[in-house]
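K.L.:
So the sequence shown is residues -18 to -1, 1 to 106, counted in mature numbering (1 follows the signal peptide of the UniProt record, and there is no 0).
Quick caveat, the hints were computed from the structure, so don't treat them as lab data. There's no promise every hint is true.
[Claimed, not checked] Restricting the straight-line Cα-Cα distance to at most 20 Å, the calculated cross-link-like pairs of lysine to aspartate or glutamate (EDC-like) are:
#  : residue 1 : residue 2
1  : 89        : 55
2  : 89        : 64
3  : 89        : 102
4  : 40        : 56
5  : 24        : 5
6  : 47        : 29
7  : 40        : 63
8  : 47        : 62
9  : 32        : 80
10 : 17        : 91
11 : 32        : 5
12 : 32        : 77
13 : 24        : 66
14 : 24        : 102
15 : 67        : 56
16 : 44        : 63
17 : 40        : 62
18 : 40        : 77
19 : 17        : 76
20 : 44        : 29
21 : 47        : 66
22 : 32        : 56
23 : 67        : 82
24 : 13        : 68
25 : 32        : 102
26 : 41        : 91
27 : 47        : 76
28 : 32        : 66
29 : 44        : 62
30 : 13        : 91
31 : 47        : 77
32 : 17        : 82
33 : 41        : 62
34 : 24        : 91
35 : 41        : 55
36 : 24        : 64
37 : 41        : 76
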Amino acid sequence: MFLVSCISVSSLFLVTKAIITLEQVKISQTKNIGKTVYFSCKVTGTDFNKAYIHWYQKKAGKALKHLLYIRAEDGVLHYDDENDKEIFKASQNEDIAESDFIINSLKVDHSATYYCSCWDSHSE
């Protein structure tokens, strides 16, 4: 039986007028191949409804890879690679200012560190 280890790490971003803090409580998870894993990213220090939550993947020896971002206002997802739509998902919960990142049908190739970041403004 293969296990996939996924690690999630929180970040801190300084903004001119405020400090946006991101908190990821479950920072390490190990799951069986084929299962689903969830990471959450709690956002404080900004109006969550105007936030853009970005998710990144970092594999050992590889560059940081931007996977997707979700617009908290309406939950619209934007992928860097359209092929990732079936694997990676994100959702938002305005009531608790939190975004969830979901990896479906885990594979050994998904073993990585996953980061969230937040922008409180965006140009598309």
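K.L.:
For every hint, state whether the structure bears it out.
P.N.:
How the hints compare with the structure:
Annotation: proposed proximity of residue 89 to residue 55 is violated, straight-line Cα distance about 31 Å (limit 20 Å). For the hint linking residue 89 to residue 64, the alpha-carbon distance of about 18 Å falls within 20 Å, and the restraint holds. Between residue 89 and residue 102, the direct Cα distance comes to roughly 33 Å. Violation of the 20 Å bound is thereby established for this hinted pair. Taken as a hint, the residue 40 and residue 56 pair is broken in the structure, with Cα atoms around 27 Å apart against an allowance of 20 Å.
Proposed proximity of residue 24 and residue 5 is supported: the alpha carbons are some 5 Å apart, at most 20 Å. Using a Cα cut-off of 20 Å, the hinted pair residue 47 and residue 29 is violated, with the two alpha carbons roughly 26 Å apart. Between the alpha carbons of residue 40 and residue 63 the distance comes to roughly 16 Å, so the proposed pair stays at or under 20 Å and holds. As the CA atoms of residue 47 and residue 62 are separated by approximately 9 Å, the hinted pair is consistent with the 20 Å bound.
For a cut-off of 20 Å, the pair hint linking residue 32 to residue 80 stands: about 13 Å separates their Cα positions. For a cut-off of 20 Å, the pair hint linking residue 17 to residue 91 stands: about 13 Å separates their Cα positions. For the hint linking residue 32 to residue 5, the alpha-carbon distance of about 18 Å falls within 20 Å, and the restraint holds. At roughly 13 Å between alpha-carbon atoms, residue 32 and residue 77 fall within 20 Å of each other, so this suggested pair holds.
Distance check on the hinted pair: residue 24 and residue 66 sit about 23 Å apart at the alpha-carbon level, beyond 20 Å; violated. Taken as a hint, the residue 24 and residue 102 pair is honoured in the structure, with Cα atoms around 14 Å apart against an allowance of 20 Å. Distance hint between residue 67 and residue 56 is fulfilled; the C-alpha atoms sit about 18 Å from each other, no more than 20 Å. A C-alpha spacing of about 17 Å is found between residue 44 and residue 63, which places the hinted pair at or below 20 Å, so the restraint holds.
For the hint pairing residue 40 with residue 62, the CA-to-CA distance comes to about 15 Å; that is within 20 Å, so the pair holds. Between residue 40 and residue 77, the direct Cα distance comes to roughly 29 Å. Violation of the 20 Å bound is thereby established for this hinted pair. Restraint check: the Cα-Cα separation between residue 17 and residue 76 comes to about 27 Å, which exceeds 20 Å; the hinted pair is violated. The hinted pair formed by residue 44 and residue 29 fails the criterion: a straight-line CA distance of about 33 Å is larger than 20 Å.
With a C-alpha separation of about 12 Å, the suggested pair residue 47 and residue 66 falls inside the 20 Å cut-off, and the hint holds. For the given pair, residue 32 sits about 9 Å from residue 56 by alpha-carbon distance, which is consistent with the 20 Å threshold. The straight-line distance between the Cα atoms of residue 67 and residue 82 is roughly 15 Å, inside the 20 Å bound, and the hint therefore holds. For the suggested pair residue 13 and residue 68, the alpha carbons sit about 18 Å apart, so the restraint of at most 20 Å is met.
Our distance criterion of 20 Å between C-alpha atoms is met by residue 32 and residue 102, whose separation comes to about 6 Å. Restraint check for residue 41 and residue 91: the C-alpha separation of about 9 Å stays at or below 20 Å, so the hint holds. Restraint check for residue 47 and residue 76: not satisfied, since their Cα atoms lie roughly 26 Å apart, outside the 20 Å limit. Between residue 32 and residue 66, the direct Cα distance comes to roughly 25 Å. Violation of the 20 Å bound is thereby established for this hinted pair.
Distance restraint check for residue 44 and residue 62: the Cα-Cα separation of roughly 17 Å lies within the 20 Å cut-off, and the hinted pair is therefore satisfied. A C-alpha spacing of about 13 Å is found between residue 13 and residue 91, which places the hinted pair at or below 20 Å, so the restraint holds. For a cut-off of 20 Å, the pair hint linking residue 47 to residue 77 is broken: about 29 Å separates their Cα positions. Distance restraint check for residue 17 and residue 82: the Cα-Cα separation of roughly 16 Å lies within the 20 Å cut-off, and the hinted pair is therefore satisfied.
A threshold of 20 Å between alpha carbons decides the hint, and for residue 41 with residue 62 the separation of about 17 Å falls inside it, so the pair holds. Taken as a hint, the residue 24 and residue 91 pair is broken in the structure, with Cα atoms around 26 Å apart against an allowance of 20 Å. For the given pair, residue 41 sits about 30 Å from residue 55 by alpha-carbon distance, which is inconsistent with the 20 Å threshold. Simply put, residue 24 and residue 64 have alpha-carbon atoms about 26 Å apart, too far for the 20 Å limit, and the pair is violated.
Straight-line distance between C-alpha atoms of residue 41 and residue 76 comes to about 30 Å, which puts the hinted pair past the 20 Å bound.
Going through the hint list in order, the structure does not satisfy hints 1, 3, 4, 6, 13, 18, 19, 20, 27, 28, 31, 34, 35, 36 and 37.
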